[in-house]
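A.B. asks: Protein chains in written order, with this note's numbering: chain Z, 241 to 530; chain A, 241 to 530; chain F, 241 to 530; chain C, 241 to 530.
Everything labelled a hint here was simulated from the structure, so no lab data went into it.
As the structure is a prediction and not an experimental result, all values here were calculated from the model.
Mixed in with the good hints, there may be bad ones.
Pairs count within a copy or across copies, as identical chains cannot be separated in the list.
[To be verified] In silico BS3-like pairs for lysine-lysine, Cα to Cα no more than 30 Å straight-line: (1) Lys503 with Lys303; (2) Lys503 with Lys385; (3) Lys303 with Lys283; (4) Lys303 with Lys451; (5) Lys303 with Lys280; (6) Lys283 with Lys503; (7) Lys303 with Lys385; (8) Lys385 with Lys280; (9) Lys280 with Lys503.
4 protein chains.
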Amino acid sequence: MSEQSPNAVSNWGRWGATDERGTLNLLTPALVQRAAGLVKTGKVYSLSMPLEAEGPQWPSRHKTWRVTTFRNPPAERGSADDVVSMHSHSGTHMDALCHIWYDNQLYNGYSMPEHVTSTGATRNSIDNVPFIVGRGLLLDIATWKGVDHLELGEAITAADLDACAAAQGVTVQAGDLILLRTGWMHIFHSDRSLYNQGEPGIDVSTIPWLKAHDIVAVCADNQAIEVFSEMPPPQLPVHAAAIRDLGVYLVENLNLDALAADKVYECLLVIAPLPLTGGIGSPVNPIALA
Amino acid sequence: MSEQSPNAVSNWGRWGATDERGTLNLLTPALVQRAAGLVKTGKVYSLSMPLEAEGPQWPSRHKTWRVTTFRNPPAERGSADDVVSMHSHSGTHMDALCHIWYDNQLYNGYSMPEHVTSTGATRNSIDNVPFIVGRGLLLDIATWKGVDHLELGEAITAADLDACAAAQGVTVQAGDLILLRTGWMHIFHSDRSLYNQGEPGIDVSTIPWLKAHDIVAVCADNQAIEVFSEMPPPQLPVHAAAIRDLGVYLVENLNLDALAADKVYECLLVIAPLPLTGGIGSPVNPIALA
Amino acid sequence: MSEQSPNAVSNWGRWGATDERGTLNLLTPALVQRAAGLVKTGKVYSLSMPLEAEGPQWPSRHKTWRVTTFRNPPAERGSADDVVSMHSHSGTHMDALCHIWYDNQLYNGYSMPEHVTSTGATRNSIDNVPFIVGRGLLLDIATWKGVDHLELGEAITAADLDACAAAQGVTVQAGDLILLRTGWMHIFHSDRSLYNQGEPGIDVSTIPWLKAHDIVAVCADNQAIEVFSEMPPPQLPVHAAAIRDLGVYLVENLNLDALAADKVYECLLVIAPLPLTGGIGSPVNPIALA
Amino acid sequence: MSEQSPNAVSNWGRWGATDERGTLNLLTPALVQRAAGLVKTGKVYSLSMPLEAEGPQWPSRHKTWRVTTFRNPPAERGSADDVVSMHSHSGTHMDALCHIWYDNQLYNGYSMPEHVTSTGATRNSIDNVPFIVGRGLLLDIATWKGVDHLELGEAITAADLDACAAAQGVTVQAGDLILLRTGWMHIFHSDRSLYNQGEPGIDVSTIPWLKAHDIVAVCADNQAIEVFSEMPPPQLPVHAAAIRDLGVYLVENLNLDALAADKVYECLLVIAPLPLTGGIGSPVNPIALA
Numbered sequence: 241m242s243e244q245s246p247n248a249v250s251n252w253g254r255w256g257a258t259d260e261r262g263t264l265n266l267l268t269p270a271l272v273q274r275a276a277g278l279v280k281t282g283k284v285y286s287l288s289m290p291l292e293a294e295g296p297q298w299p300s301r302h303k304t305w306r307v308t309t310f311r312n313p314p315a316e317r318g319s320a321d322d323v324v325s326m327h328s329h330s331g332t333h334m335d336a337l338c339h340i341w342y343d344n345q346l347y348n349g350y351s352m353p354e355h356v357t358s359t360g361a362t363r364n365s366i367d368n369v370p371f372i373v374g375r376g377l378l379l380d381i382a383t384w385k386g387v388d389h390l391e392l393g394e395a396i397t398a399a400d401l402d403a404c405a406a407a408q409g410v411t412v413q414a415g416d417l418i419l420l421r422t423g424w425m426h427i428f429h430s431d432r433s434l435y436n437q438g439e440p441g442i443d444v445s446t447i448p449w450l451k452a453h454d455i456v457a458v459c460a461d462n463q464a465i466e467v468f469s470e471m472p473p474p475q476l477p478v479h480a481a482a483i484r485d486l487g488v489y490l491v492e493n494l495n496l497d498a499l500a501a502d503k504v505y506e507c508l509l510v511i512a513p514l515p516l517t518g519g520i521g522s523p524v525n526p527i528a529l530a
Numbered sequence: 241m242s243e244q245s246p247n248a249v250s251n252w253g254r255w256g257a258t259d260e261r262g263t264l265n266l267l268t269p270a271l272v273q274r275a276a277g278l279v280k281t282g283k284v285y286s287l288s289m290p291l292e293a294e295g296p297q298w299p300s301r302h303k304t305w306r307v308t309t310f311r312n313p314p315a316e317r318g319s320a321d322d323v324v325s326m327h328s329h330s331g332t333h334m335d336a337l338c339h340i341w342y343d344n345q346l347y348n349g350y351s352m353p354e355h356v357t358s359t360g361a362t363r364n365s366i367d368n369v370p371f372i373v374g375r376g377l378l379l380d381i382a383t384w385k386g387v388d389h390l391e392l393g394e395a396i397t398a399a400d401l402d403a404c405a406a407a408q409g410v411t412v413q414a415g416d417l418i419l420l421r422t423g424w425m426h427i428f429h430s431d432r433s434l435y436n437q438g439e440p441g442i443d444v445s446t447i448p449w450l451k452a453h454d455i456v457a458v459c460a461d462n463q464a465i466e467v468f469s470e471m472p473p474p475q476l477p478v479h480a481a482a483i484r485d486l487g488v489y490l491v492e493n494l495n496l497d498a499l500a501a502d503k504v505y506e507c508l509l510v511i512a513p514l515p516l517t518g519g520i521g522s523p524v525n526p527i528a529l530a
Numbered sequence: 241m242s243e244q245s246p247n248a249v250s251n252w253g254r255w256g257a258t259d260e261r262g263t264l265n266l267l268t269p270a271l272v273q274r275a276a277g278l279v280k281t282g283k284v285y286s287l288s289m290p291l292e293a294e295g296p297q298w299p300s301r302h303k304t305w306r307v308t309t310f311r312n313p314p315a316e317r318g319s320a321d322d323v324v325s326m327h328s329h330s331g332t333h334m335d336a337l338c339h340i341w342y343d344n345q346l347y348n349g350y351s352m353p354e355h356v357t358s359t360g361a362t363r364n365s366i367d368n369v370p371f372i373v374g375r376g377l378l379l380d381i382a383t384w385k386g387v388d389h390l391e392l393g394e395a396i397t398a399a400d401l402d403a404c405a406a407a408q409g410v411t412v413q414a415g416d417l418i419l420l421r422t423g424w425m426h427i428f429h430s431d432r433s434l435y436n437q438g439e440p441g442i443d444v445s446t447i448p449w450l451k452a453h454d455i456v457a458v459c460a461d462n463q464a465i466e467v468f469s470e471m472p473p474p475q476l477p478v479h480a481a482a483i484r485d486l487g488v489y490l491v492e493n494l495n496l497d498a499l500a501a502d503k504v505y506e507c508l509l510v511i512a513p514l515p516l517t518g519g520i521g522s523p524v525n526p527i528a529l530a
Numbered sequence: 241m242s243e244q245s246p247n248a249v250s251n252w253g254r255w256g257a258t259d260e261r262g263t264l265n266l267l268t269p270a271l272v273q274r275a276a277g278l279v280k281t282g283k284v285y286s287l288s289m290p291l292e293a294e295g296p297q298w299p300s301r302h303k304t305w306r307v308t309t310f311r312n313p314p315a316e317r318g319s320a321d322d323v324v325s326m327h328s329h330s331g332t333h334m335d336a337l338c339h340i341w342y343d344n345q346l347y348n349g350y351s352m353p354e355h356v357t358s359t360g361a362t363r364n365s366i367d368n369v370p371f372i373v374g375r376g377l378l379l380d381i382a383t384w385k386g387v388d389h390l391e392l393g394e395a396i397t398a399a400d401l402d403a404c405a406a407a408q409g410v411t412v413q414a415g416d417l418i419l420l421r422t423g424w425m426h427i428f429h430s431d432r433s434l435y436n437q438g439e440p441g442i443d444v445s446t447i448p449w450l451k452a453h454d455i456v457a458v459c460a461d462n463q464a465i466e467v468f469s470e471m472p473p474p475q476l477p478v479h480a481a482a483i484r485d486l487g488v489y490l491v492e493n494l495n496l497d498a499l500a501a502d503k504v505y506e507c508l509l510v511i512a513p514l515p516l517t518g519g520i521g522s523p524v525n526p527i528a529l530a
């Protein structure tokens with residue numbers, strides 16, 4: 241049930257009236273094969289933050305809970321297991337395309353009240369995302385600006401993205417998975433109170449840029465990709481535009497320090513959400529191969 | 241605290257007295273870079289089964305629970321999230337090296353009572369596994385045997401593994417991640433009662449084979465990798481030997497049908513466990529690039 | 241913000257425009273003291289069903305989950321604890337007055353969208369119910385009808401309630417907590433498939449009766465107090481009228497067999513919900529003293 | 241399998257070699273009927289603290305988690321429910337007799353390794369406690385000592401209990417449920433850091449007193465009934481003696497201020513644990529009728 245989005249920058253209908261996958265449609269085998277060619281040294285990076293009660297988490301959400309159960313019969317084989325209670329949007333995680341809506345419409349015009357209930361989502365859910373695999377492009381804004389981290393409320397514009405890419409000597413390509421480094425994850429460790437007031441991040445000037453460049457995902461080392469300076473933020477316009485209008489994927493709470501230290505600007509990036517049937521998102525452990 | 245395992249087939253001490261990573265030590269950048277060269281067409285496969293209450297699960301464990309929460313204020317942006325309660329050993333998942341012990345010792349001689357408690361594990365936990373990346377080698381035993389699936393209690397021996405590889409025209413290499421296809425996952429769908437009685441799988445004759453070939457992981461389309469025919473199984477000797485003695489990783493409940501249909505015998509395989517601090521395992525969504 | 245309910249049978253405004261407690265307002269100290277006088281022998285009955293995965297539960301809800309954690313250091317004191325994941329509406333439980341609404345209004349006219357969110361309820365929540373204590377009146381419909389249990393879809397009318405009381409030689413009094421026995425809990429054990437198709441229970445003719453008699457609560461040995469014969473029921477009119485219009489409390493999944501066997505028609509009844517801040521209901525273990 | 245406890249103060253075997261109920265055996269119908277006679281005014285008190293993430297909780301345990309799910313179809317009846325994840329030992333709660341052991345033995349000599357596993361307890365579990373009903377006896381130590389609250393690490397001795405009772409003009413009776421008021425719950429609100437360092441409470445001199453008086457339960461307004469001054473406490477000797485040796489019930493984190501303000505020294509006390517099959521304890525909302 242695809243309807244014309246009133247918003248000028250939209251991908252609705254681009255991949256058909258019944259599409260639920262959004263920009264995943266751009267990740268062709270040819271693109272993946274080219275990205276695999278970026279693996280030069282075989283060095284592998286995990287880009288996740290620890291998944292634990294004290295890990296990065298939107299402050300109003302419950303903390304991640306894990307307890308361990310075990311059996312240790314004296315003369316036999318013993319074994320252990322865990323029980324985990326968590327929000328799917330916990331720690332390093334990605335949003336499904338049903339995560340955000342306005343005017344009661346999801347990406348590609350689906351009706352929110354019809355398709356999102358306590359049981360889960362019947363359109364645009366995380367199990368429509370078996371994987372996100374492609375060229376990871378690191379835009380290390382913090383290093384480009386010569387700082388340890390950007391400031392609270394500091395906006396990253398489309399012009400900043402271009403300038404940073406140019407400074408790094410890389411070209412943005414269609415199908416890219418942007419790895420955006422603000423340095424803000426350092427504040428998670430050093431000043432939790434400041435961390436929970438907002439963040440630096442991209443602003444709405446990047447929305448046309450995301451569409452023009454056919455970006456598939458934006459993965460950042462902050463809580464919500466976009467800039468805001470009060471908690472809770474009165475609005476998250478980039479979320480609304482990227483997810484709901486463009487069908488672009490957002491992945492939050494990454495740790496990009498190792499990639500940046502090695503100046504790995506291009507990589508084969510593999511993101512593998514848990515196949516939670518009807519789910520609204522998933523914790524992830526993004527893997528970069530360089 | 242490394243002690244000589246009484247068992248003849250062991251990797252204890254091989255990577256040092258304080259090693260907690262086991263066979264991950266074999267996944268060198270050179271090996272990863274060679275594996276990336278296996279990506280010929282860019283076709284990508286997710287090898288996971290759905291993660292949901294009705295997904296594959298050891299029958300005595302609680303089912304995976306997901307409920308969705310949402311906010312839909314009439315004139316504003318709405319959003320949703322999930323709350324998930326699950327065992328870390330749920331659906332398609334991998335075991336950490338602290339999952340199994342005997343004689344109160346974990347892999348590499350660590351004391352179980354000292355290191356595994358309700359709070360979690362302080363040695364050999366899943367957060368010691370930032371990723372498993374290497375050459376995935378599909379051994380499609382079912383197709384080799386000309387059947388849809390092996391039978392309950394049917395053992396796969398070391399000789400079978402060699403013969404299957406030969407029949408497929410592939411060579412087992414050090415550092416391989418074996419993708420073992422029994423066809424048993426079909427029974428999960430077609431005969432749940434039979435499925436819960438046991439399974440076909442590898443037997444103890446494969447233990448020296450795993451060591452001799454320096455296999456890093458065995459990933460199978462059954463519940464527990466190894467053969468057994470009563471539930472619960474009185475013992476799981478392959479688990480004990482592979483995990484506790486060899487530091488080999490076991491990944492269970494995969495779906496290998498698509499790989500098998502396309503005869504993808506070699507691939508770049510990426511397994512990215514959730515970084516659950518102190519955890520005993522993790523659900524995973526293994527990704528194969530061919 | 242109290243508005244006149246369009247429904248003729250209503251308690252809105254009766255206890256003030258800002259009331260959130262509904263019929264609890266009728267449980268005066270005098271009434272409680274009289275009920276305490278009903279304790280003749282000191283025999284005590286727990287009226288709950290087991291709270292466990294296989295206990296009575298609305299079929300579309302996740303089952304109750306409990307795992308036990310423990311510490312058993314060899315030479316020291318050991319201890320254990322549990323982790324429980326459950327719906328508040330699990331097993332024997334009671335509904336808060338915010339559980340049901342229509343026309344976007346809760347009991348006493350409160351706006352549902354304003355007061356019920358994923359965070360919980362800010363009006364009519366379970367923590368407004370520190371206790372329900374009063375005269376428990378057993379109406380053993382099954383025994384009165386000479387059957388082990390009423391039939392699927394069999395309605396209990398206001399006339400039935402009166403006739404049963406008369407046959408038992410008891411008088412309904414203002415402030416009573418009705419203990420309604422249908423025998424349907426036997427079907428939970430003997431025919432789960434039938435049990436999940438619906439139930440016998442009270443019908444809408446009892447709504448004016450509940451108001452006329454100033455009943456505070458209806459506690460029954462079925463899943464939903466009221467009669468229905470398809471799952472899920474297209475509507476639950478007694479829920480809507482009792483909870484939302486009258487501010488009457490519903491308590492479900494009781495076991496009333498022991499009370500009935502001893503012909504305990506009157507008792508001091510104590511129901512103590514868990515004080516879940518903002519909660520929509522609570523598991524309970526109702527205690528009858530005779 | 242009852243064995244003679246080496247400890248001199250013990251109730252093992254007193255109610256038979258297979259007893260699992262401990263002092264509940266003392267709550268006879270006659271005792272309950274006498275306690276019902278204590279209801280003079282019909283005023284009812286809930287003695288629980290709020291059950292929520294920020295409620296009283298042993299600091300090393302995960303906080304209580306509740307999220308609300310709901311359905312609000314525009315033209316129909318809407319409803320809500322909660323999902324709760326919690327420790328059974330959360331907020332105001334009681335310990336089952338399997339909660340504590342030493343020398344690998346539970347109350348009445350049962351083997352801990354045999355009877356307590358990750359699945360739960362098969363002896364002395366909370367579902368052996370359908371209710372605790374009897375005479376509640378308030379010993380308001382804080383008021384007797386003329387203070388708002390006792391100090392961190394301040395011990396309450398057997399002599400103190402006797403003196404307080406005398407000062408209040410009450411007599412301790414066999415089968416009593418002691419309501420012990422230290423005032424320490426005020427510190428939960430006013431100085432959380434101090435609160436988490438330990439508490440005032442009873443010391444081991446009260447163990448023979450508990451047995452001599454045939455006390456069934458001790459319910460206190462602190463975290464662990466007994467005195468300690470470091471967190472975590474190296475031992476909890478009152479827990480070990482009361483629960484494991486005497487089969488006495490401990491109920492923690494009560495709010496006794498209202499009872500104390502009204503000088504309600506005697507009451508009918510009703511404690512109704514959730515019937516968690518195999519559970520190690522339960523949150524409770526104790527109800528006092530005066």
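A.B. asks: All hints, please: hold or fail.
C.D. replies: Hints, verified against the model:
In this assembly of identical chains, the alpha carbons of Lys503 and Lys303 never lie at most 30 Å apart, being 33 Å within a copy and 41 Å across copies at closest. In this assembly of identical chains, Lys503 and Lys385 lie within 30 Å of each other by CA distance solely inside one copy; the values are 15 Å within and 49 Å between copies. Proximity of Lys303 and Lys283 under a CA criterion of 30 Å is satisfied in neither setting, with 32 Å inside one chain copy and 37 Å between copies. Proximity of Lys303 and Lys451 under a CA criterion of 30 Å is satisfied in neither setting, with 34 Å inside one chain copy and 41 Å between copies.
When the C-alpha separation of Lys303 and Lys280 is checked against a cutoff of 30 Å, the pair qualifies neither within a copy, at 39 Å, nor between copies, at 42 Å. Within a single copy, Lys283 and Lys503 get their C-alpha atoms as close as 12 Å, and across copies as close as 28 Å, so both meet the 30 Å cut-off. Proximity of Lys303 and Lys385 under a CA criterion of 30 Å is satisfied in neither setting, with 33 Å inside one chain copy and 41 Å between copies. Taking CA atoms no more than 30 Å apart as the test, Lys385 paired with Lys280 passes inside one copy only; the shortest distance there is 28 Å, against 39 Å between copies.
Taking identical chains as interchangeable, the C-alpha atoms of Lys280 and Lys503 lie at most 30 Å apart whether they share a chain (13 Å) or sit on different chains (27 Å).
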